[in-house]
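Visitor: Below are the chains, spelled out letter by letter.
Number of protein chains: 4
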Amino acid sequence: MLDKLKKEVYEANMLLPKYNLITFTWGNVSGIDREKNLVVIKPSGVEYDVLKADDMVVVDLDGNVVEGKLNPSSDTATHVELYKAFPEISGVVHTHSPWAVSFAQAGLDIPAAGTTHGDYFYGSIPTTRQMKREEIETAYEKNTGSVIIETFRNRQIDPAQVPGVLVNDHGPFTWGTSAVNAVHNAVVLEQISEMTYHTLQLNPHGITMDQALLDKHYLRKHGKNAYYGQKKETK
Amino acid sequence: MLDKLKKEVYEANMLLPKYNLITFTWGNVSGIDREKNLVVIKPSGVEYDVLKADDMVVVDLDGNVVEGKLNPSSDTATHVELYKAFPEISGVVHTHSPWAVSFAQAGLDIPAAGTTHGDYFYGSIPTTRQMKREEIETAYEKNTGSVIIETFRNRQIDPAQVPGVLVNDHGPFTWGTSAVNAVHNAVVLEQISEMTYHTLQLNPHGITMDQALLDKHYLRKHGKNAYYGQKKETK
Amino acid sequence: MLDKLKKEVYEANMLLPKYNLITFTWGNVSGIDREKNLVVIKPSGVEYDVLKADDMVVVDLDGNVVEGKLNPSSDTATHVELYKAFPEISGVVHTHSPWAVSFAQAGLDIPAAGTTHGDYFYGSIPTTRQMKREEIETAYEKNTGSVIIETFRNRQIDPAQVPGVLVNDHGPFTWGTSAVNAVHNAVVLEQISEMTYHTLQLNPHGITMDQALLDKHYLRKHGKNAYYGQKKETK
Amino acid sequence: MLDKLKKEVYEANMLLPKYNLITFTWGNVSGIDREKNLVVIKPSGVEYDVLKADDMVVVDLDGNVVEGKLNPSSDTATHVELYKAFPEISGVVHTHSPWAVSFAQAGLDIPAAGTTHGDYFYGSIPTTRQMKREEIETAYEKNTGSVIIETFRNRQIDPAQVPGVLVNDHGPFTWGTSAVNAVHNAVVLEQISEMTYHTLQLNPHGITMDQALLDKHYLRKHGKNAYYGQKKETK
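Chains as they are written, first to last, in our numbering: chain D, 1 to 235; chain P, 1001 to 1235; chain R, 2001 to 2235; chain Y, 3001 to 3235.
So here's chain D without its partners, still in its complex pose (with noise of 0.2 Å):
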């Protein structure tokens, strides 16, 4: 069942140690078969170096496990609320990318400072408000998956232009075309965070990159003008 999609969860579930993103287990990325409205989801606590293909949990969009001998990740709700939410997304990654999680931990947005930022997300990267003491301690995961959905809403950003959040206390999710972009996406919001940060001790009022810069940097990589690597829309 799904195995397309199980060998590519998987593959895309080990780029997370090969990019340096996660300690241990803490980490997860799922795909969408968007036709059969079945998510493909990394078992809860399962070691990268035993992880196989076979192991991927399938469940559907009430996050009932379809078809797997393991518990799918903990962190399963999150991610079934988040490919209802936004339906242009097909993977979603979870990790506690230390740099990403500094910010996380710290309340704070990273802004866009520069192209690179700019080459991937068109904007702040949000980070979601602390959940309340009754969301945590009821269906605390579903609630996670609520409140980034209620930080897109209620701040007007499209997910398709910011792949990835920052829940509040906790750490980044990212998102995207597939499993392997969102991964992507994920290594690339580290690599920003940790720049920004550098950025932000050199100079707290140096974060001015224009408007213009950002469309430009955006728009070259994305939509129907772009123009970067050798077709168009490649990511």
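Everything labelled a hint here was simulated from the structure, so no lab data went into it. If you're wondering where the values come from, they're calculated on a predicted model, not measured in any experiment. Idealized CB from N, CA, C, for every residue including glycine. Careful: at least some of the hints might be erroneous.
Listed next, the in silico DSS-like pairs over lysine-lysine satisfying Cα-Cα at most 27 Å (straight line) [claimed, not checked]:
1. 132/D x 1221/P
2. 1216/P x 142/D
3. 1036/P x 52/D
4. 69/D x 1221/P
5. 52/D x 1018/P
6. 69/D x 18/D
7. 3221/Y x 1142/P
8. 2142/R x 216/D
Computed footprint of chain R on chain D; a stretch qualifies when at least three of its residues, placed anywhere within it, have a C-beta under 8 Å from a C-beta of chain R [to be verified]:
9. 197-211
10. 217-228
From the derived model, a few chain P residues whose C-beta atoms are all more than 10 Å from chain Y [claimed, not checked]:
11. 1015
12. 1034
13. 1061
14. 1158
Fit chains P, R and Y to the given chain D structure using the hints.
Guide: What follows is chains P, R and Y alone, placed relative to chain D:
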């Protein structure tokens, strides 16, 4: 004698270079056989690339060598004190991992700034008071254990729930349900030291994780209602 | 056509991942044949692990492709501008190396803080002014070159003595006597960015290297009285 | 000639890339035969991956080449000055390791902030005064040695107990009982520079290690009452 425990302690010691927790021989791991009241510990000052399981030294709870050709770690008396005071632990680790040492040298606790911390440590990781001249000059390593124990008792911290400490002006000790689990906690301590350092630089007043979130994350991985991983009580 | 230069430019491009200067495809190296006035440059958006010498693209000094199946780097027009304005250079590198980007995003020059800097860069490494809206919207990559050239002319900096620049809110370009030498300067720029960042954090008023020390270090490696290395004029 | 010492100095040089202390050729190690008063040192500007034991250059205590096809390190005169002034040392290392350079460029001593420091350096690691114009312009490398020696004499620091220094606006020199031991001290210096940097950022007034703790740690590894390791006086 204790061949299984020696192998386990040896393998736990070899995780220190694997996880980049040590420079040269600046670390040691021990494990205890609680039935025989014997501790197995790394020999002092032996390089990791020549260390063998058979080099592990067996000491009793007075710190006397019971078996072994080599001198035990110079920190043996600290390990022994911890085993005597904290009956729930079966492994102890000491390193000079750089981010944790930075907090120890600054004399600062590591506050619980986010869920990565909460997944493993149920509250602030304390830094001991500075040791007194007389504690340093006589039975220094034993007194290092005593000041750790005093910290947990005076501040009413449960060592099973906060499996680590920073010794002031020195560095981290962690412990756990086994030698390997104690190393696991040493890795986590180093990682959260790094992230919380950066959080404090971004926002010195930004450490505001809600107790409910700390409860949620700690208890979803620990205790009878844990649901992370593939079975109850994995760590 | 230009097989030797293609091989050299290919090998120089492959040094970028070797020296950890790039993430994904965020970098490009070119070299010029000054007799034929032809530039060899990396194709746009091709991953380093599949890149071949034969993929290199040949362009003329108007930026037109003369040979090659792939699109040249999207930054080609910047490289070409630099070759036209700075006749003494034969290689150009662009990366998003994180420490240099941190200064670029902060809009700050990298001051000459010590002898490591002085061994390669004879004075501050300038950051350009921010580009104007009209410069961004039309012929952006060409204008990126123009603003670099303006910086060196207005501030009377000799590009042979300061072989690199930070483009404001973007990142570093370096150059040199060959493609490999330009990569060498990119490595140095990243390293001194890191060290000078930390120097500024330790002591914001502590950048006080004497001109005589800068002269000594630069001139012991460069020019007719150089005495570093095994022959005159090694770099 | 001096084949054993050449091999030892060669191997000590090869530890510099192993321990990530150098970029390109920015470092050199020497050793001395105290009976013959001859120094063996790395040749200038030779890449580590082509360096051979046989490339090592032999110089006398006037800095004249006694044997060797290549030019000796451009810093040879500094090494020679140190050997003449500090008869207890038999190895010298110079690097541009980035954390130590950060302090050197800031013109700050590295204070003894914790036991890692105290295990190897018995007190603050001094930074020299800035060199004067005339010291730089004539016999620069020899005068670099002189300003180091002046620092230790004026501040009454014992070079056997504090086996390293930062040359202002330049970088670290370390020394030791052998070439390998001097490299060992260079590794430690870099590590404690990193940790103490972060300590100072966390708590600028937090460097308060008690002299008794410094005494304890230094003397448990050095001198006649040392008890660390497998025999007396290991380092």
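Visitor: Against each hint, give a clear statement of whether it holds in the structure.
Guide: Evaluation of the provided hints:
1. 132/D x 1221/P: 21 Å, holds
2. 1216/P x 142/D: At roughly 14 Å apart (the allowed maximum being 27 Å), residue 142/D and residue 1216/P satisfy the hint.
3. 1036/P x 52/D: 40 Å, violated
4. 69/D x 1221/P: Between residue 69/D and residue 1221/P the Cα gap is close to 20 Å, so the pair holds against 27 Å.
5. 52/D x 1018/P: 23 Å, holds
6. 69/D x 18/D: 26 Å, holds
7. 3221/Y x 1142/P: 18 Å, holds
8. 2142/R x 216/D: 14 Å, holds
9. 197-211: holds (count 10)
10. 217-228: holds (count 3)
11. 1015: Residue 1015/P clear of chain Y: closest Cβ-Cβ about 20 Å, beyond 10 Å.
12. 1034: 29 Å, holds
13. 1061: 21 Å, holds
14. 1158: 26 Å, holds
Violated hint: 3 only; the structure is consistent with all others.
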